[in-house]
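Participant: Please work from the sequences and hints to get the whole structure.
Number of protein chains: 2
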Amino acid sequence: MTKFYQTLSADEVKNILNYKLISHDQIEEIKIENALERVLAKDIISPINVPGFSKSRMDGYAVKAKDTFGAEEDKPINLKKMGEIRAGINSNLVLNEKECIQIATGAPIPNGADAVVMVEYTEEENEIVKIFKSVAPQQYIIQIGADIKKGEIALKKEKQLNTRDLGLLSALGITKITVYSKPKVTIFSTGDELVPPGVQLTSGKIYDINSTTIYNAVKESGGIPLIKGIIKDDYETLKRIISEEISKIDFLIISGGTSKGTGDYLPEVIKNLKNLNLYIHGIRIKPGKPTLLSAVEDKTYIKPIIVLPGYPTSALTIFYHFIAPLIRKWAHLPRPKEKIINAIAKKRIYSELGRRELRPVKITEEDDKIFAEPIHTGSEAISTLALTDGYIDIPEQVQLIEEGEKIEVNLFS
Amino acid sequence: MTKFYQTLSADEVKNILNYKLISHDQIEEIKIENALERVLAKDIISPINVPGFSKSRMDGYAVKAKDTFGAEEDKPINLKKMGEIRAGINSNLVLNEKECIQIATGAPIPNGADAVVMVEYTEEENEIVKIFKSVAPQQYIIQIGADIKKGEIALKKEKQLNTRDLGLLSALGITKITVYSKPKVTIFSTGDELVPPGVQLTSGKIYDINSTTIYNAVKESGGIPLIKGIIKDDYETLKRIISEEISKIDFLIISGGTSKGTGDYLPEVIKNLKNLNLYIHGIRIKPGKPTLLSAVEDKTYIKPIIVLPGYPTSALTIFYHFIAPLIRKWAHLPRPKEKIINAIAKKRIYSELGRRELRPVKITEEDDKIFAEPIHTGSEAISTLALTDGYIDIPEQVQLIEEGEKIEVNLFS
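Chains as they are written, first to last, in our numbering: chain E, 11 to 423; chain C, 11 to 423.
Each pair may be met inside one copy or between any two copies, as identical chains are not told apart.
Think about it this way: if two alpha-carbon atoms lie no more than 25 Å apart in a straight line, the pair counts; the simulated BS3-like pairs of lysine-lysine are:
1. Lys186 - Lys160
2. Lys372 - Lys166
3. Lys143 - Lys91
4. Lys372 - Lys167
5. Lys238 - Lys41
6. Lys159 - Lys372
7. Lys24 - Lys296
8. Lys169 - Lys372
9. Lys379 - Lys169
Treat the hints as calculated values from the structure; they're not laboratory data.
Source: prediction; values computed, not measured.
Facilitator: Now the structure itself:
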């Protein structure tokens with residue numbers, strides 16, 4: 011089993027995430043009103059023609075085009091008005107020669123008519139309509155299916171649905187669609203020093219932060235998070251909870267305690283789970299050392315179990331860099347726009363030679379320029395978390411980034 | 011009353027939205043797990059010191075600093091180990107002279123100790139610890155409140171809460187907060203030709219699209235939408251529904267039918283409501299002509315009633331340009347980033363001289379350049395809606411935008 015315990019480089023980890031942890035897609039049917047930003051798991055084939063009937067593009071008079079031929083401003087042609095059709099009214103009116111029917115924009119063209127004369131080119135008096143301009147056949151008529159044809163693909167599989175797409179689905183009369191399910195992610199923390207927010211602190215204890223931050227980061231990444239709380243750092247308890255949860259959900263994310271002593275049992279418990287594949291224990295990137303990436307899997311399912319570092323900023327950095335893209339991929343979500351921005355180093359930034367680093371930075375704007383600066387409070391400090399807007403990815407061979415140098419910042423959210 | 015019936019320019023409308031339709035803020039208390047992206051209505055004052063006790067920054071030994079003075083690599087000082095303190099353990103151990111206590115990162119500093127020696131500079135054998143390096147008082151100790159002090163403002167009123175802010179609140183043990191309420195917006199459509207998606211279409215009828223698009227656009231803009239459906243275009247029915255809804259919610263948004271005949275009663279019904287102020291009926295901007303902006307108001311409340319154009323793309327364009335900023339302002343949300351992007355006109359764009367226009371455009375990317383082109387299907391077409399990514403704001407005096415010219419595109423979402 012020792013082959014599994016090597017620490018891997020960040021690039022090797024990305025490879026495992028991309029090629030080993032492949033989702034067995036789950037799909038579900040949902041209502042349109044809950045579908046904003048969801049991703050289609052099937053093509054949408056239009057069940058109808060839009061429009062479903064030929065209709066008038068203008069307010070005016072439905073006519074036989076040939077009856078208007080020769081009409082001019084000083085030589086109008088008279089047609090007999092046989093009625094009126096408003097929008098939304100199913101009319102049985104039929105048009106015969108030398109007749110016209112008043113028609114509203116969007117109203118169905120009556121049988122026998124093949125064009126519409128705009129109201130601006132007519133004059134009505136005593137049921138006789140003077141036509142001052144001739145029209146060609148089909149003029150001002152919107153044909154059946156002109157907009158979308160029955161049987162046509164209206165929206166493609168893998169489309170992430172925006173407001174307009176949902177409008178299009180409504181236009182087709184569709185109220186339910188099949189989308190990819192969001193991965194369900196159970197989150198818990200271990201660490202004897204942790205207590206949940208809301209209870210009284212006793213000496214030596216601190217509030218659990220990672221449950222909250224990972225919960226919201228999972229939500230932002232397209233998963234459905236569930237907080238399980240703080241689990242006692244004890245072999246049997248951890249084994250029972252992990253086994254129970256993994257049978258119910260898609261992902262399990264655990265953050266270790268902040269001290270060296272805590273989280274000792276976690277790797278052992280995980281390693282001994284049935285059908286467990288331990289892919290990574292330790293990433294050669296600061297602060298990835300305690301990270302563990304594994305999955306309970308067989309031919310029909312794969313359920314990742316992930317252990318993040320205990321310090322909140324470290325946990326979130328590793329989550330955003332490695333885990334968020336995995337959850338988004340499982341949910342079939344596209345890469346979010348504008349997660350990487352260009353900035354200018356506000357101060358010199360030192361990094362250890364030979365070690366790749368994800369360094370938390372704070373963003374500031376001055377004179378339309380975007381600056382990034384490293385945060386100097388410790389990784390244990392909650393103020394570090396509160397100040398951090400994102401991180402820069404510093405390669406192994408870089409020891410120094412000069413003030414004023416251009417850098418890329420990966421935004422947290 | 012005729013003074014109200016003037017059509018206004020887009021700039022005059024923006025003034026009314028900014029200075030007349032001022033929200034009477036509503037606030038509510040919510041749980042942290044529902045607080046992502048909500049906006050604080052009160053400063054958060056830290057109820058505790060973080061950390062709440064002085065603690066060790068390192069794994070090592072708690073000591074009296076003066077006991078280590080003179081210790082060097084080749085001249086260690088021996089201290090007697092009196093016990094061990096792990097993180098999360100409330101220890102009663104007290105340190106006396108020439109003693110040390112093993113301590114984990116994050117564990118509370120015992121009484122009597124004033125520094126920590128890192129484990130790397132020690133050697134333990136038979137309860138005697140050799141210290142190879144002296145430490146200064148307070149070294150490797152994180153003081154009470156070093157991170158956040160009790161009584162300090164941890165987060166300011168008006169802050170829109172991100173994942174890290176919620177982590178900070180958890181660190182303070184806070185589980186409930188007071189935020190601005192989201193405006194509740196009832197949406198309905200009128201038009202005899204409309205039927206709701208899900209029912210069978212009969213001839214002459216079309217599906218209601220605007221309820222769906224406005225519902226989702228309200229959601230994106232920070233409001234809580236509610237679809238009331240299609241209301242019959244009849245004076246008494248409209249009056250009853252509008253009066254009922256306006257008593258329950260904050261905003262009412264109605265979209266007219268697509269034909270000239272429909273929506274005739276709406277302005278009259280609205281005008282006759284009790285305590286009604288009609289601000290705008292008609293905006294001098296294409297496609298703003300049918301837009302109506304009013305509010306039922308007295309000293310304690312103001313409830314906007316808005317009528318949008320019937321064509322889906324027009325309704326959404328007017329919504330995003332005028333109404334979305336209003337809802338965001340009521341919800342105290344900041345202006346969203348990246349809603350305006352720079353693009354290049356892919357084709358010549360013509361506009362009517364003397365008329366300001368919000369023209370729907372489609373965005374394409376080629377060779378890292380962003381192009382915008384107007385959409386040539388009619389404003390009644392649902393495919394226009396599906397193709398539209400945003401709109402360009404063409405001033406009155408502009409008649410022509412040349413191919414290749416730089417233009418700003420307001421993205422829909």
